[in-house]
Amino acid sequence: MCDKLLPYAWLIPVFPFVSFIMLLAFRHRLQAYSSYIGSALTGLSLVAAIVVWVTGWSVQSVQHTGVWLAFESVELQMGTWITPLNLVMLNIVAFISVCVHIYSHTYMKDERRRSTYFAWLGLFTAAMLGLCLSPNLLQFYMCWELVGLGSFLLIGFHFEEDKAKAAAKKAFIMTRIGDIGLLAGLILLYWQTGSLQFTDIYTVISSGELEAFHVTLISLLIFAGAVGKSGQLPLHTWLPDAMEGPTPVSALIHAATMVAAGVYLVAVLHPLFMASDTALTVVAVTGGVTATVAAVIAIAQTDIKRILAYSTISQLGYMMLALGSAALAAGVFHLMTHAFFKALLFLTAGVVIHHFKTRNIHQMGHAFSELRFTGMTFLIGTLAISGFPLFSGFFSKEAVLSAVWHDERYLLFSLALLTTFLTAFYMFRLFFIVFMGQGKPTSGPKKALSMALRLPIAALSVPAIGAGFLYTPWFSAFGNWITQWQTAQIDPGHEVPWWMMPSAIMCSLAGIMLAWVMYQKLRVPLRELPYLHAFTLRGFYMDELYHYTIKQPLQFMSTTTVYIEKFVVETVMESSSSFVKWVGKYGARLQSGQVQTYGAVGFVGLSILVFILFWTGGYF
Amino acid sequence: MDIGTLLSYPWEIMMPEFIILIAATGLSLTDLFLPSRVNRRIFGWISAAAVLAALISLLTQAGSEPAQILHNTYRLDSFSISFKALLLFGTLLVLLISTSYLARSDVEEQGEWYYLFLAALLGAMMMASSADLITLFVGLELLAIASYILTGIRKKSAESNEAAMKYAINGGIATAVTLFGFSYLYGLSGSTNLGDISREISALSADHGHALTVAAFIITFVGLSFKLATVPFHMWAPDIYQGSPLPVMAFLSVVSKTAGFIILFRVMLSIFPTVQGFQPDESLYQSVMIFVSIAAGLTMIIGNILALRQNNIKRLFAYSSIAHAGYLLVPFVAFSQMMFESTWFYLLAYVFMNLGALAVLHIIISENQSAHISGFAGLYQRSPVLTVCMTIFLLSLAGIPGTAGFMGKLHIFIGALFADPSRYVLVSVMLVTTVVSYIYYFSIMLHMYMRPPKRYTKITWPIGATLTIALCVAGTLLLGIFPGAALQFLQEYFWFNDMFTLN
Numbered sequence: 188m189c190d191k192l193l194p195y196a197w198l199i200p201v202f203p204f205v206s207f208i209m210l211l212a213f214r215h216r217l218q219a220y221s222s223y224i225g226s227a228l229t230g231l232s233l234v235a236a237i238v239v240w241v242t243g244w245s246v247q248s249v250q251h252t253g254v255w256l257a258f259e260s261v262e263l264q265m266g267t268w269i270t271p272l273n274l275v276m277l278n279i280v281a282f283i284s285v286c287v288h289i290y291s292h293t294y295m296k297d298e299r300r301r302s303t304y305f306a307w308l309g310l311f312t313a314a315m316l317g318l319c320l321s322p323n324l325l326q327f328y329m330c331w332e333l334v335g336l337g338s339f340l341l342i343g344f345h346f347e348e349d350k351a352k353a354a355a356k357k358a359f360i361m362t363r364i365g366d367i368g369l370l371a372g373l374i375l376l377y378w379q380t381g382s383l384q385f386t387d388i389y390t391v392i393s394s395g396e397l398e399a400f401h402v403t404l405i406s407l408l409i410f411a412g413a414v415g416k417s418g419q420l421p422l423h424t425w426l427p428d429a430m431e432g433p434t435p436v437s438a439l440i441h442a443a444t445m446v447a448a449g450v451y452l453v454a455v456l457h458p459l460f461m462a463s464d465t466a467l468t469v470v471a472v473t474g475g476v477t478a479t480v481a482a483v484i485a486i487a488q489t490d491i492k493r494i495l496a497y498s499t500i501s502q503l504g505y506m507m508l509a510l511g512s513a514a515l516a517a518g519v520f521h522l523m524t525h526a527f528f529k530a531l532l533f534l535t536a537g538v539v540i541h542h543f544k545t546r547n548i549h550q551m552g553h554a555f556s557e558l559r560f561t562g563m564t565f566l567i568g569t570l571a572i573s574g575f576p577l578f579s580g581f582f583s584k585e586a587v588l589s590a591v592w593h594d595e596r597y598l599l600f601s602l603a604l605l606t607t608f609l610t611a612f613y614m615f616r617l618f619f620i621v622f623m624g625q626g627k628p629t630s631g632p633k634k635a636l637s638m639a640l641r642l643p644i645a646a647l648s649v650p651a652i653g654a655g656f657l658y659t660p661w662f663s664a665f666g667n668w669i670t671q672w673q674t675a676q677i678d679p680g681h682e683v684p685w686w687m688m689p690s691a692i693m694c695s696l697a698g699i700m701l702a703w704v705m706y707q708k709l710r711v712p713l714r715e716l717p718y719l720h721a722f723t724l725r726g727f728y729m730d731e732l733y734h735y736t737i738k739q740p741l742q743f744m745s746t747t748t749v750y751i752e753k754f755v756v757e758t759v760m761e762s763s764s765s766f767v768k769w770v771g772k773y774g775a776r777l778q779s780g781q782v783q784t785y786g787a788v789g790f791v792g793l794s795i796l797v798f799i800l801f802w803t804g805g806y807f
Numbered sequence: 040m041d042i043g044t045l046l047s048y049p050w051e052i053m054m055p056e057f058i059i060l061i062a063a064t065g066l067s068l069t070d071l072f073l074p075s076r077v078n079r080r081i082f083g084w085i086s087a088a089a090v091l092a093a094l095i096s097l098l099t100q101a102g103s104e105p106a107q108i109l110h111n112t113y114r115l116d117s118f119s120i121s122f123k124a125l126l127l128f129g130t131l132l133v134l135l136i137s138t139s140y141l142a143r144s145d146v147e148e149q150g151e152w153y154y155l156f157l158a159a160l161l162g163a164m165m166m167a168s169s170a171d172l173i174t175l176f177v178g179l180e181l182l183a184i185a186s187y188i189l190t191g192i193r194k195k196s197a198e199s200n201e202a203a204m205k206y207a208i209n210g211g212i213a214t215a216v217t218l219f220g221f222s223y224l225y226g227l228s229g230s231t232n233l234g235d236i237s238r239e240i241s242a243l244s245a246d247h248g249h250a251l252t253v254a255a256f257i258i259t260f261v262g263l264s265f266k267l268a269t270v271p272f273h274m275w276a277p278d279i280y281q282g283s284p285l286p287v288m289a290f291l292s293v294v295s296k297t298a299g300f301i302i303l304f305r306v307m308l309s310i311f312p313t314v315q316g317f318q319p320d321e322s323l324y325q326s327v328m329i330f331v332s333i334a335a336g337l338t339m340i341i342g343n344i345l346a347l348r349q350n351n352i353k354r355l356f357a358y359s360s361i362a363h364a365g366y367l368l369v370p371f372v373a374f375s376q377m378m379f380e381s382t383w384f385y386l387l388a389y390v391f392m393n394l395g396a397l398a399v400l401h402i403i404i405s406e407n408q409s410a411h412i413s414g415f416a417g418l419y420q421r422s423p424v425l426t427v428c429m430t431i432f433l434l435s436l437a438g439i440p441g442t443a444g445f446m447g448k449l450h451i452f453i454g455a456l457f458a459d460p461s462r463y464v465l466v467s468v469m470l471v472t473t474v475v476s477y478i479y480y481f482s483i484m485l486h487m488y489m490r491p492p493k494r495y496t497k498i499t500w501p502i503g504a505t506l507t508i509a510l511c512v513a514g515t516l517l518l519g520i521f522p523g524a525a526l527q528f529l530q531e532y533f534w535f536n537d538m539f540t541l542n
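The listed protein sequences derive, respectively, from chains A and B.
Residues in the first sequence are numbered consecutively from 188, following my numbering.
Residues in the second sequence are numbered consecutively from 40, following my numbering.
Only chain B is shown next, with the shape it has when bound in the complex (with noise of 0.2 Å):
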């Protein structure tokens, strides 16, 4: 590649990725050089407004034909955009709530927080722009790496360290599974590019090489499966929210699933749904969707009945985004014309109500130096506001009419009637568990308003944490009443099969 052609690419379709780049380095470089003494916090508004600034650039670009660049390994087109201002959407909350997170805690590393943080959000943004394995594998580290090192950033805490060693060792195992996937797809094709790979395993005949077709499949998706949390590799997600800070367990169970949704949608995707399957008449996206549905199943399952008893509310939030991330899965088992919209509207609803009761946990705990459920008892007396505001995040998760989770669901069971073939099997699994869910989601409110408070101090709102959860709230509400507005906004500038023309 001589540097004509290098600086013929359109550069600016990586604009939003370019302003992170450039925000991480410049903090990093800061950092390096500032005196110790300087307190840091002005790189917490420093990233906020780096992320909201590449989101700006990144709604510039709606609406904008596919393009690729670098050889064809990266991509611009509607799922690439949709999904990264999910990214930077979640991404923005989680640097708010760290800036009331950081005033208050013992991390001694507050200009490292703020630039891994960036870091690992443009792993994600490569992830959901590559159109080649290599690119893929690289965003991924970039995320995993970073989100290893800031679950152990309490150095000094047992719990935080157990955590991001757990995380390492586990996060590896997951790496080696995908590799091992990504590795049948190379071998089969000869090529790193999807689109490549997709037109050469489409070409395999039947008898030759179909085999490791599935093999590559269902390794990758179970590799796969440890970004987004779900069965089989479902079991670190409680230990490592447990164990992390409360902003790097928000990042990690809203952005890093979202990109692990994003990963799972561009391999599965691309590759996929042109093979043909076991028999003659279906691809092979169709004849293994039962395993994921399998899958999906169970981690509905195991996510809701293990909440059930938890004591300790971040682990409670762990299972619970278990649970959800089972949910994410049953669009992409339907594959059906809304799979797109549905994921995209519940990862968004996700966003809004998972971040802030988050960001409204953030402040119990601090309140109350414990993560125990009994943090809630009697918040009603003591914070009313907040204790609506909880309450609406909670119905919300439930998926209580109103709310943007219940809409987010309502789309999900219409998307899979509607398939073809209808997965109703799925969708009572996903409506039983659904109503498992209240039983420990009520379980907190039952706190919040019916239990007599252990002390009548009057509680502080910090300023990114309040921030967060007026615009969460705000947002909960709004998809829950107007849902539409949302959904023509996506039907407008997004045209979602434009993934597969991939040349």
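Isolated chain A (complex conformation) (with noise of 0.2 Å):
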């Protein structure tokens, strides 16, 4: 059976393409049609995904190619590659996809330019599910940037405001940054390895033929494309201003699948990064750090959708750190599970959004009893993303904790669970103050949500939920099926001392009850309740006393950070382009419109040339 279906896995990035193709060339006349045809295309993608993960189950590794082009000796292959890493990735792009293309038949419904809208959004899942198929970092690499394309596009999509331009430029090129040292990295490792299949990269990897000394330089370059598309410190500043995009491509793109593809590269390429430590020690250090600084950032944000962005770089830093761990299923595990509930997650905010017409959070309230089915599915996600037990993202941050803790990194540890508590913290924050903080009602009409808002939503809460019995400290399948087949290495599983999961859901816990004190509890005004006066007072104490033992200090870490941000990170930034731009303007200058000159230049070249040549040559 799956020798028979599995050579047609190319048709899976097809359908969106042709979706792309079919709503670019036609764009006037099939405007009303648009998100029917994209859902529907995408849809099938999905179907043929699903049919290839269901045969290809108990494939390890299987290729389709064909030649490309040939140079000399050096020929360029493209095709498809089944991996059970590929499956889950392709499964699950394909199917947040779908709910965002169905999501924003709604949500996009009155957009002047629909069609290009769903143009887009067919052009970058395309590239995305290429991406994942690709069996060599040839392929990879285009695909990598037609995704960066896509998204520079989307970020864009109203670019009739001045932010959203200035997003869109800046994300493209804060990634493109990481993008040099991805080239760099690959260009050094086909002059290493002779060949960029996948799989010759491991057989080469594996028979220890290479350096120590370039295995690093060439993972830490290749990390260097990673840190800029996952958001990693000190190159995520893109991904919170990225949010100017529609709320449904912040979900696809900035949430779910794009900026995954860091995290995929770096699982790809795991053998690389395990055969040298410094690498794994750098990943691990700039997972775990992001993680951290992104989740106190995230505490000081009033802006619902860069709260969210924020959030997704601190959970994309869990990956990293988990890889960076030598854990390549826990690291996978919590890509998927994320993907899952960060998506839900800003769905569902869209749907706020769309309901108060702003982003600020201080300007929400009550939403819970206007949005009931909005309130529950974005309390799954955050109960998920929280790590409230038994949700999904309960078990994939557990499996991320003790593969830090397995790998004796206590330090990074303790960051990890601090996180935990942080992001417990901040997420109820939002919670409380969006869905049950006081807030005028709105007084527009109420309408029901339309189904193609629910359906995704409500699709999406499944996994978010359940995602996480599938890879447990009891249960551990999944873990061997995503890591055997790259290195034939049994996956070690998460055995876990006995306290990590109660301390684990202390820390969320102790998070939440936090967020339920300091926004639910004590925001309470006087008047209201005058016989709680005892109360309210020793609550005045409570707040001073957390504004100065923990809101003062976490804002402070929070400024700090931001500070090192806007003036350290940013200053190296401006610095290097304004050198070019110094360049240039003094070049221009030099170019004076006077004929003497350009012969003069001329003559000095030549007089130069000749002089260097005859010196060095020997003449004198």
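It should be emphasised that the hints constitute simulated quantities derived from the structure, not laboratory data.
Don't take each hint at face value.
Claimed, not checked - Only pairs whose alpha carbons sit at most 27 Å apart, straight line, appear in this in silico DSS-like list of lysine-lysine:
hint, chain 1, residue 1, chain 2, residue 2
1, A, 352, B, 353
2, A, 352, A, 772
3, B, 194, A, 356
4, A, 350, A, 708
5, B, 493, A, 350
With the hints as a guide, dock the two chains, each given alone in a separate frame, to form the complex.
What follows is the structure in structure tokens.
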């Protein structure tokens, strides 16, 4: 069965690509049908992905490639590659893309350029699926760039707004900085191994022919690309700004799929990283620090989408931390659960934003009574990301934590534990303010959510709750399945010390409690409940206490990190770009329009060349 | 030489040149006798047809054995056929743009316009086929002088006159330098035939005239760098491109540049690879390549960085064309098996993407009567199709995957990395400057997609420019997606090493 169907796996990215071409070519004529076409074709590719998954379940690694270009002795190939890791990615991407397409049917209903929007979505989906199927780094790199292009176009979709334009540019340029590293790493890798085929690279690495120095250098360069794409420190600043794009786009690209491409890159080249301790340490430390710093920043934000964006950065940090701790399965597992619950959070946040017509959480409140369905599903997402017991995020975070513990990086472990607390805190702060907080009930007439909005949200809630049971301390088949094909090693599983689970639960519950006390309990105004005077008075002290012991230090940390970002990170960026501008400015001044100057430059150039030549040639 | 010898030559190998010569002569005579009130528009289509006929007759020669006529001064080999095809094709597209351009311009001498282009093309083709310094130089000057006149052909425009003046002066300086270099070659070998020169110079012992050989190389290279618009003779390009009529700019930046690479390859590769270098185990070519690579690196850096600050779109493309000349020097430096292939492929890609972009530019400039970058504002609202075409060209110029430009750059990268020794420093310069180039190419896209248009009038599509754009879009995409097809054609019909079998 599988040898009959798997050669057709290339069809998976073709469907959304057809949608892209159709919608772009007949933009005006298909305006009204664009959402149907986009959803149907992406749906087909989900069906194809599921079929490949079911038939290729037992497959370890199957390639179907053809020669695309041949140089002297070099053959470049294009094709598909099916492995357990790819299957997971393919199905996540196709599933979430379908959800987002359907959701956008209602969400983008009043948009004038609907078909362009769906065309870009199709382009992005096709490129992302192509990326997951790539059997070699060249095809991977091409899709990687196309994915970036899709993201650029969609962030800047509302290009009449200056902020959206700036954000699109920033996202593109910032990720390009990482991409230079990736490209350099790719070239070096080719130079060293003579092939860009993933399977060949595995062979070369396992044979141990590569010098340790080269392995480290290459993996660090490649990691730079992953840092840019996955919004890790210090190249993370584009991701919060990217929230200027439409909300479904944020759910698809900037939460579930594209930003996870960096994690996928590290995962698919995991044997390379495993061969260098330095590289692993860099990955782990970057991930750990990013997770914590982003979580701290998230606390101080007031824009609902930016909170979610920082939380994405923080969760991606978790994945990197897991991969850096030599735990492929844990990293990929967290990638999967995160994709579900974060897409869920974004889609529900879209409904909330639509309802309140603002993204500032302090102008929201009381949403739970008005948006019962949205409130419930948002709560599911919040519980999942906070690591509330038995929700999906609980198990994946558990897996990450135990991997870090096993790797004996105790400092990073405590950072990860702290992040669990912070995550629960800021997510529930968001939840309490938006859904339970005071606020004027909105005046508009109540409208029931349309099916097109409910369906994807409901569909995402299910795995957000249940996906965690795929990989638990007492059931590790997933772990073996995802790791075994790559290195023929059995996943160590995550046997945890007895205190691990309770302490993780404690951290997460403590975060929830703190958020509850600070944002739910204490905001109760005195005059409405005079009989609780004593309590509120005490509460007053507590408020002060929180203010000085927790909020201020946190805010201080938060501000510090913001300033570090603003002054250190951005200064480096700014100075390199202004240097280029400076050269441009003074170089242009030399271009005076005087023929004499031009002739003189020619002569001086010639004389210098002749002089150096004779000098080095030893004729003087 | 008696008449018998003259008749015995296989003249058919000069067929494409004859077609161009006859067309140019015929048109100039007709122009002389045709009353001035008669519109010369038909001349454009006649000359385009002549170029097309020459191109076809050239393609029938593909795969033939190398041959030389006229006392070994004129040579037909794989190198000359394949590169002449680029010249002819590029000129064809330029002529198509010209028909649209002249319909709306103040150029009075429309007849001269066309036969000057043909004369310039003839010069370039002679350069491709020369095996002798004299014919090479005659070809070079034929191209150059026709170009000077074309630059200044808008007689009433001060800008155009200034450009022509500057071009002639700078061109004169460069020609003097080139000739100075040639004189060393002649002095060392006593011959003007490239094969003889190569033989004689190789026979010189190291302590005997070695320094002069090196001087000959470097002076000739610097002189030729004028045609390529590379460091140190790059500064003329922006002023002259800006001042000259757009089709002339297109001709200078594509056809004339190609001709520059042709003469560079022909002279340098025919003569120097067999001469001993500074070290006993390397050739002179290898010893001095470090200087050419410095020039290439500087060219890429200067072209790309200065392009960042341009608001005049013609100047922007001038700097961009300097940068591309820098990329094109990389395979010349690398001197690998893939050198010819990489250069040819990149030049072909460059013909498509640059001429396509310039055809769009022509439409925009004639709509706005100004070459300011703001002319692109809101183009997407006014003409989505034109915008998409321009986007494809810009993506290709920037080297984004899926386009011809990317494949060309990739080919150059791989060639340079696999060369011996590997030129990774130059490749990294190329990578970094390519990234810099995104900024100015994408700024045009920013204008097209994200700025509001000044007015909403419909954009008209003149037929010649439309044809060019259509051909170029097709070429850019096809070469980007199926590069194997063009390379296979090249490998099947051309065997570049026959360049070195001079007799």
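Tested hints:
1. With a CA separation close to 26 Å, the supplied pair residue 352 of chain A and residue 353 of chain B stays within the 27 Å bound.
2. As the CA atoms of residue 352 of chain A and residue 772 of chain A are separated by approximately 25 Å, the hinted pair is consistent with the 27 Å bound.
3. Taking the CA atoms of residue 194 of chain B and residue 356 of chain A, the gap is near 44 Å; set against the 27 Å cutoff, the hint is violated.
4. A threshold of 27 Å between alpha carbons decides the hint, and for residue 350 of chain A with residue 708 of chain A the separation of about 37 Å lies outside it, so the pair is violated.
5. Among the hinted pairs, residue 493 of chain B with residue 350 of chain A is consistent with the structure: their alpha-carbon atoms are about 22 Å apart, no more than 27 Å.
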